[in-house]
Amino acid sequence: MHAELWPAFILHSRPLGEDKLILQLLLPEQGRVSAVVRKRQGKQRLALQPFQPFMLQLSGRTELKTVKSIDEAAAAFLFSGKVLYSGIYLNELICRLWPDNLAAEQLFNLYQHSLQQLMLVQQGSGELEPCLREFEFALLTELGQPIDWQQDADGNPLNTAWCYQWQHEQGFVAAANGFAGMHLLNIGNGQWQSADTRRCAKQLSRQILAPLLGSKPLASRALFEGG
Amino acid sequence: MSRYTPLVQQLIDALRILPGVGPKSAQRMAFSLLERNREAGLQLGTALSAAMTKVGHCQQCRTFCETALCHICTDPARALDGIICVVGSAADQLAIEQTGQFKGRYFVLQGYLSPLDGIGPQDLGLDKLSTLLAAGGITELILATNPTVEGDATAFYIAELCHKHQVSVSRIAQGIPVGGELEFVDGTTLSHAFSGRKVF
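Residue numbers (my numbering), protein chains in the order written: chain A, 111 to 337; chain B, 3 to 202.
It is worth saying that the hints were derived from the structure and are not from the lab. Quick caveat, the model's predicted, so the values are computed rather than measured. Among the hints, a few may not be true.
Quick list of in silico lysine to any residue cross-link-like pairs, SDA-like style, CA-CA up to 20 Å [to be verified]:
1) Lys149/A / Ile178/B
2) Lys130/A / Pro149/B
3) Lys326/A / Gly189/B
4) Lys149/A / Phe186/B
5) Lys130/A / Leu118/B
6) Lys130/B / Pro149/B
7) Lys192/A / Gly22/B
8) Lys153/A / Thr176/A
9) Lys130/A / Lys130/B
10) Lys178/A / Gln134/A
11) Lys26/B / Leu126/A
12) Lys130/B / Phe334/A
13) Lys192/A / Glu162/B
14) Lys153/A / Gly181/B
15) Lys192/A / Val171/B
16) Lys166/B / Lys178/A
17) Lys200/B / Gln168/B
18) Lys178/A / Lys192/A
19) Lys149/A / Ile132/A
20) Lys192/A / Ser172/B
21) Lys192/A / Gly153/B
22) Lys153/A / Gly189/B
23) Lys149/A / Leu131/A
24) Lys149/A / Lys166/B
Non-contacting residues of chain B with respect to chain A, defined by C-beta distances greater than 10 Å in every case (computed) [said to hold, decoys possible]:
25) Val10
26) Ser34
27) Gln61
28) Ala70
29) Leu71
30) Ala81
31) Ala93
32) Asp94
33) Ala97
34) Leu115
35) Gly138
36) Thr150
37) Phe186
38) Val187
39) Gly198
40) Lys200
Quick reminder that beta carbons are idealized off the backbone N, C-alpha and C, glycines included.
Use the sequences and the hints to build the structure in full.
Written out as structure tokens, the structure reads:
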């Protein structure tokens, strides 16, 4: 039987002996997959790096697949500086949060879209924070934890003049202090101009992601903090 | 039940920690030493335990050495131009030394920033590098990190440190390997080769 060709991104790789790598891959149908690949495919020398769209064939019945063939499908996203750290952050989020063997069609598109957005930021025509926040909130939706940016936990429309607390599995609950309704509506409408809205989105995403990530902090955040 | 006697099992398990050595290779090595090379085996044991206890890191550049400072860091001639080259590993440092091109000093990271492997700035002694840059006397820092995502991230992180301490920073060129064929080179390397082309 002829193995099918799949689009894929490498999220992470680790060396295996002298001439092989164990890849963490993201594929639309199979989701997050581990696979062994030879560094050289015949005479072809491939840059087996993240942020490069690939087409590949997988074989094997166990959890650890083997890459039968792999080819570049398009030019790589060449990131630098903070944009590169952000790309690494997306990869870490997916590796930490996306369950094994769960189909990831939407996530794959979302990831690809975010890389394109990051490329725009790299070229100076976009902003980093909205790009990261939109990925985080969309990832939460894919993980079955969608955020309702229109209504509070009781089904009332969010009020621009009120403040809200985020309650796990319930949603926004009106409170004396917390996230300003105005900013939450801004986030829902993709209005990122205000620095306060961006700060609010960052705090909120950290709060919602924290229980999913457990006690081990995201290591890629350390890249942004130093330097 | 183990197929081996306890000591043989222990030896095989110990050999398996070496990179690229699986159970079969470890068994072959163990039997080979026991069958006909006991003397060399004892030497291996002595060399291993001496190196593991006595080889440390150079206090300045972090490469492996048994003294406080390595032979490069103690050589005054290598500090003359104030250039420091940052490499990922002692093996990379050796490869550059063999070219005879570089006459300055090194800083050996012993790894790269890799959040997914849990390797952060502290693990690479970047605080030490920062102190070194702050101390002055360094005119240029050359980044010779691998052209991988981790190598790139590390390079950008160090470049920011250099900017902070106002030290000029450069990165070694990326392009087509000597003896390579364009047709078989990956797209990213080709685009680097194009953007980094030189007047000829």
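So, going through the hints one by one against the coordinates:
| no. | hint | in the structure |
| --- | --- | --- |
| 1 | Lys149/A / Ile178/B | holds, 17 Å |
| 2 | Lys130/A / Pro149/B | holds, 18 Å |
| 3 | Lys326/A / Gly189/B | violated, 36 Å |
| 4 | Lys149/A / Phe186/B | holds, 13 Å |
| 5 | Lys130/A / Leu118/B | holds, 19 Å |
| 6 | Lys130/B / Pro149/B | violated, 23 Å |
| 7 | Lys192/A / Gly22/B | violated, 35 Å |
| 8 | Lys153/A / Thr176/A | holds, 19 Å |
| 9 | Lys130/A / Lys130/B | violated, 33 Å |
| 10 | Lys178/A / Gln134/A | holds, 15 Å |
| 11 | Lys26/B / Leu126/A | holds, 16 Å |
| 12 | Lys130/B / Phe334/A | holds, 19 Å |
| 13 | Lys192/A / Glu162/B | holds, 11 Å |
| 14 | Lys153/A / Gly181/B | holds, 12 Å |
| 15 | Lys192/A / Val171/B | holds, 18 Å |
| 16 | Lys166/B / Lys178/A | violated, 46 Å |
| 17 | Lys200/B / Gln168/B | violated, 27 Å |
| 18 | Lys178/A / Lys192/A | violated, 34 Å |
| 19 | Lys149/A / Ile132/A | holds, 10 Å |
| 20 | Lys192/A / Ser172/B | holds, 18 Å |
| 21 | Lys192/A / Gly153/B | holds, 14 Å |
| 22 | Lys153/A / Gly189/B | holds, 15 Å |
| 23 | Lys149/A / Leu131/A | holds, 7 Å |
| 24 | Lys149/A / Lys166/B | violated, 37 Å |
| 25 | Val10 | holds, 24 Å |
| 26 | Ser34 | holds, 20 Å |
| 27 | Gln61 | holds, 22 Å |
| 28 | Ala70 | holds, 27 Å |
| 29 | Leu71 | holds, 26 Å |
| 30 | Ala81 | holds, 26 Å |
| 31 | Ala93 | holds, 13 Å |
| 32 | Asp94 | holds, 15 Å |
| 33 | Ala97 | holds, 16 Å |
| 34 | Leu115 | violated, 6 Å |
| 35 | Gly138 | holds, 20 Å |
| 36 | Thr150 | violated, 6 Å |
| 37 | Phe186 | violated, 5 Å |
| 38 | Val187 | violated, 6 Å |
| 39 | Gly198 | holds, 13 Å |
| 40 | Lys200 | holds, 20 Å |
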